[in-house]
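Please dock the two separately framed chains into a single complex, following the hints provided.
In the order they appear, the protein sequences are chains A and B. To convert, note that position 22 of the first sequence is 23 in this note's numbering; the numbers rise steadily by one, no gaps. To convert, note that position 317 of the second sequence is 335 in this note's numbering; the numbers rise steadily by one, no gaps.
Any given hint could turn out to be false.
[Said to hold, decoys possible] Here are the simulated lysine-lysine pairs, DSSO-like style, with alpha carbons at most 30 Å apart: (1) B:Lys223 <-> A:Lys203; (2) A:Lys203 <-> A:Lys189; (3) B:Lys223 <-> B:Lys206; (4) A:Lys292 <-> A:Lys203; (5) B:Lys206 <-> A:Lys292; (6) B:Lys38 <-> B:Lys223; (7) A:Lys203 <-> B:Lys38; (8) B:Lys20 <-> B:Lys206; (9) A:Lys101 <-> B:Lys38; (10) A:Lys189 <-> A:Lys101; (11) A:Lys203 <-> A:Lys101; (12) B:Lys20 <-> B:Lys218.
No lab work stands behind these hints: they were computed from the structure.
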Amino acid sequence: MTFSATDAAFEGFRIVRSNPMAVVFWAVAYILFFAVFFAAFGGSLASLMATTEGLEGTQPSQQDLAGLGQAYIGFLGVALPLGLILGAVLNAAVARAVLKPGDKRFGSLRLGGDELRVLAVSVTLAIVIGVAALVLFAVVAVAAGVAAQTSQGLAVIVGILLGLASVVALIWISIRLSLAVPLTVAEKRIAPFASFALTRGKTLPLLGMAVIAGVMYILVSMLGTIIALPVTMATGGGMAQLAEFDGQSTQQILQVAGPGLIAWGVVNAVFSALQLAVLQAPFSAAYRDLKGLARD
Amino acid sequence: MKPTFSIGDAIAAPFSLLKKKPLSLLVWGFLTIAAAIGVYSQLIPMLAGLPVGPGEGTAALDHYVLDSGRMSLTVNALTPLVYLAILLGWTAAARATLSPGRGDAFAFLRIGMDELRVAVVYVAWFIGWYLIVLVTMLIGAALGFAVWSADQTAAIIIMVVYGLGVMVGATWLFLRLCLIAPVSLIVKDFAFARGWALSKGQVLKLLGLNLLMWLISIAMQLGLFLVVGAILVTGFFGLGLSWPQSVETPADLIPLARQMLVPGAIALIPLALYQGWAIALSAAPAINAARQLLDGGTASPSVLPEASAPAVTAPTAPDPVVTGVEAAEAGDPPSTRDVAPADPSDETTSTGDSSPVDPLSKS
Numbered sequence: 002m003t004f005s006a007t008d009a010a011f012e013g014f015r016i017v018r019s020n021p022m023a024v025v026f027w028a029v030a031y032i033l034f035f036a037v038f039f040a041a042f043g044g045s046l047a048s049l050m051a052t053t054e055g056l057e058g059t060q061p062s063q064q065d066l067a068g069l070g071q072a073y074i075g076f077l078g079v080a081l082p083l084g085l086i087l088g089a090v091l092n093a094a095v096a097r098a099v100l101k102p103g104d105k106r107f108g109s110l111r112l113g114g115d116e117l118r119v120l121a122v123s124v125t126l127a128i129v130i131g132v133a134a135l136v137l138f139a140v141v142a143v144a145a146g147v148a149a150q151t152s153q154g155l156a157v158i159v160g161i162l163l164g165l166a167s168v169v170a171l172i173w174i175s176i177r178l179s180l181a182v183p184l185t186v187a188e189k190r191i192a193p194f195a196s197f198a199l200t201r202g203k204t205l206p207l208l209g210m211a212v213i214a215g216v217m218y219i220l221v222s223m224l225g226t227i228i229a230l231p232v233t234m235a236t237g238g239g240m241a242q243l244a245e246f247d248g249q250s251t252q253q254i255l256q257v258a259g260p261g262l263i264a265w266g267v268v269n270a271v272f273s274a275l276q277l278a279v280l281q282a283p284f285s286a287a288y289r290d291l292k293g294l295a296r297d
Numbered sequence: 019m020k021p022t023f024s025i026g027d028a029i030a031a032p033f034s035l036l037k038k039k040p041l042s043l044l045v046w047g048f049l050t051i052a053a054a055i056g057v058y059s060q061l062i063p064m065l066a067g068l069p070v071g072p073g074e075g076t077a078a079l080d081h082y083v084l085d086s087g088r089m090s091l092t093v094n095a096l097t098p099l100v101y102l103a104i105l106l107g108w109t110a111a112a113r114a115t116l117s118p119g120r121g122d123a124f125a126f127l128r129i130g131m132d133e134l135r136v137a138v139v140y141v142a143w144f145i146g147w148y149l150i151v152l153v154t155m156l157i158g159a160a161l162g163f164a165v166w167s168a169d170q171t172a173a174i175i176i177m178v179v180y181g182l183g184v185m186v187g188a189t190w191l192f193l194r195l196c197l198i199a200p201v202s203l204i205v206k207d208f209a210f211a212r213g214w215a216l217s218k219g220q221v222l223k224l225l226g227l228n229l230l231m232w233l234i235s236i237a238m239q240l241g242l243f244l245v246v247g248a249i250l251v252t253g254f255f256g257l258g259l260s261w262p263q264s265v266e267t268p269a270d271l272i273p274l275a276r277q278m279l280v281p282g283a284i285a286l287i288p289l290a291l292y293q294g295w296a297i298a299l300s301a302a303p304a305i306n307a308a309r310q311l312l313d314g315g316t317a318s319p320s321v322l323p324e325a326s327a328p329a330v331t332a333p334t335a336p337d338p339v340v341t342g343v344e345a346a347e348a349g350d351p352p353s354t355r356d357v358a359p360a361d362p363s364d365e366t367t368s369t370g371d372s373s374p375v376d377p378l379s380k381s
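The shape of chain B in the complex, shown without the other chains (with noise of 0.2 Å):
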């Protein structure tokens, strides 16, 4: 029998997380906003001289383009560190999913072999999609430039439903790599293939699921908008503020800015509680869909044993990609195995299950 995975239990996954694990979400957001102002502040002194107000548009695109060259350098050499934050965020999640009854210390954030892993994952499957969406593309205008030339009519229809095509290849491409960076953290080595081979049959539960989060994430934006408006609106009428009479330059707000730090300071608590639950979003529906997967049925995490009782491990021979992964951190840098307490999920991740094992590992 096919395993499959529940979407209903998925998608709960970052909620039981936000109602078990909400100072872990704090902590995860906070992390990302304050790496999202510290880089995102150099722009500061860019953007506080730029002349505001009618008639003023030429003098700050002027004044824009000459600073944004500068800036940008820096701000680009340090958007790293935003993605970083991110990434940490990403597997914190994704490790407090899997252990759904452990706190931990550190709000589950680790540097290690799972992080690599999964940032190496995340940047060859952007580079590989991307291009193999712009070549596909290259194709498709090549062909209707080829068409053109003989029938316009056809070469419209031909361009549009070849752009359609991509659209749905792109997507579907999208759905069958998306369980590779789960699983990797899960078994703890590149899983290319086994994530691949995963995500098998699960084209139109995974769309249901990324479309479900979708939704939702923008149900909880909008929510999360009307707070922070809230708490700005009462903060600014609450101190008895008024806008200033004359604005020439973004700097001409910053008394104002100054006055609102209390609100603006408050505020940030919503915000970063929405952000951690942004990563747990993306990261738990996931984890918690390959953790099904690999397990062979629906099972979820939240009625997997804890950590008291030791998690099933298959009797069968020993998963070789796990064993290679253990054999080769024998003498390799620290793994978050090395780091972090035991997880009873890790002993989880040699399920029995039949799939392939990945090309990469053993040769």
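One chain only, chain A, in its complex shape (with noise of 0.2 Å):
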């Protein structure tokens, strides 16, 4: 077992250089995302844009905000659930590309048990870390009241350091989880937990990857925002033309701005999908090296 946190924070840039049709294919079903989406609620989301968009450098009433919170929950209703489980498709895959390398169809995309199994694990993480940050902060702010009775200086102070405290928790709990998707690939399981005793006195190593992993995230982030920016001001402005086409049609708003839309979208979906691998196949490699797993 030989673990090599700064070997596994690459482990992105491997997937991408032996696999890179993987990459293809991760591109290709965040354009179905988004294209699934923006044929359902295009119109919408043009109105949307087009309010938030209005009510930018004004004092918006109670009315706007609630409207507008209306419609972003009944938007958040559809992309949550399709995100959910775009999200487990997409997870799932990035860890069998590193886990089992030499299945490279379709991307190693699948629809099946390991990806419901990664839905629920992500999802019960989620609440698990939720609720542990929810706890944590309302313990921060109840000391930070019972500060206050002394002095507004001392709450300050309090709620700095056990704000920081909670912080460094929750970055514990969540390195200590964070192989839960590979182990959940890899066994066949649902054992959102199971993550813990394998992560025992590797927290700084994962850590360390995370950070460098975080970070070529960003620079990734950055290219990508380079090389979109050309290509949606040549093609007419991307999603931030949206608002324009208040109140038309989906049909309508595609007859005149899809290539732009394309554009912008088959850009962010490319860079979606290179923002994945960097981020996720570290945690999958880190699962194979300290399970001793070959690389075949």
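Below, the structure written as structure tokens:
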């Protein structure tokens, strides 16, 4: 069992080089998601963007904000489940690409038991970490409130110090649970907390790996912005132009702004796929190395 | 015996590059200037329309506020290109410092794993350093706020002392972190712990080195202003030009700017040379110091064996960090090893120094 954090951090780039078609498939998955979402809600999205732009620089009334909030909740109601499913499919694909590199069909994309298990594990962990955050910050708020009885300054100090401790605790929990997805794919079982045992004594190297992967994610994102800018400017402005089509149907929007939206969608999908590989693959590599699995 | 480094050798490194590889410095300078011009020229349409002159302040401000949001979006999105150019120049200068006797058809410029590692180190370093300083300052502000209600004089004294403490601490942290990128480039792996360990006990020397670099850069900047100013003034009067009678917006200066294109182009040469030198100044001393410390003594790269003589490799067990990287790179994206000619300095990376293995590298 040899786990090199700096080595694992580069796993995403390794996948891109050894299996570039995987990135193409993942990008296609993003494009499909975008296309389905836009086909269903293109017109409403344009109205929402126009409303948001209209409120910029003004003092929105309670009624405006309530309307906007309802519209966003409506979108989230559809986008969130779809996004969770897409996330589960893609995260499982990345894990499979690292753990079973020989099986390259469809960029390791599948829709089966693994994906359902990853979905269940992801939702469970999101709830666990969300609840942990809620409890920790509630404790911080209560402690700061008690300290405020003595002095406002003491309350600020208590708030900052306990807040920092809470952030550290949340990072620690997240790192300890970070191998849950590859573990689920590799062992074909729903065991969201099994990652805890596997990561014992490895928190710092895993944190270092996550930081390096995170920074590389930022760098890829910056590269994406640089490349996307001239593409979207040349093709009409991407999503930013949507507000101009307030009140029009999806079909009408596509007739006018189709090329720009497609260009925006393709560039963003490719870079989202690259970012996915850069950010997620290192955790699968860490799982593989910690378990002493073969690299094929 | 604790390894150390010679400040003299380190500070001589950029001058050595200026003397031996002036063309490379020019290339690095032109690269960064071209990127900066390419990005910031996007602001010209906005600036050209700014009303100038007496009584135009409010109108200029309104105009600027209206346009800056739209323009800054483009400029902010493209600014990473300037950082990329500086990064490429930095790693090229580092490579040139490590290969004192060798020329290079591409002015030591590469795009590979070295660049990625240095970029990651600097971004992580930047975020980490700023976060720590920010949190420390927040705690200080809260401390001052807490004491303020009891005793205002004591609060001011505490805040001043704390502020000075933060400044000293931030500088110390900056110096302890400053060898991570050079060491990462030299050993061709992330060297967070190794770079940190290497700077232990060297803080004062590194402070001296950085102060010296700062003083030299100020002197060189003054020299640059003199040279560029002399070229532009000579061009202006030599061409018999005169300042336009009325200038209502910067756009009114465009005809004059067109006539000054030739002197401007001539001024670009010292400007690019300075820019290249500034990059060399930011990279070469740190690289030289890191190299000396990794070698465990004060041997500067300028006295290391040249390409013809294989550099010394440790007879002991191979460096686990480097071994790990080589193993990793076997199936990795292309590193500079793949695109660059064999660099004799690469072979000296495994020096058998006793610094700890990076805990991120092996577990």
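Against the structure, the hints come out as follows:
| no. | hint | in the structure |
| --- | --- | --- |
| 1 | B:Lys223 <-> A:Lys203 | 35 Å, violated |
| 2 | A:Lys203 <-> A:Lys189 | 23 Å, holds |
| 3 | B:Lys223 <-> B:Lys206 | 25 Å, holds |
| 4 | A:Lys292 <-> A:Lys203 | 13 Å, holds |
| 5 | B:Lys206 <-> A:Lys292 | 26 Å, holds |
| 6 | B:Lys38 <-> B:Lys223 | 26 Å, holds |
| 7 | A:Lys203 <-> B:Lys38 | 47 Å, violated |
| 8 | B:Lys20 <-> B:Lys206 | 24 Å, holds |
| 9 | A:Lys101 <-> B:Lys38 | 51 Å, violated |
| 10 | A:Lys189 <-> A:Lys101 | 13 Å, holds |
| 11 | A:Lys203 <-> A:Lys101 | 24 Å, holds |
| 12 | B:Lys20 <-> B:Lys218 | 10 Å, holds |
Against the hints set out earlier in the document, violations occur for numbers 1, 7, 9.
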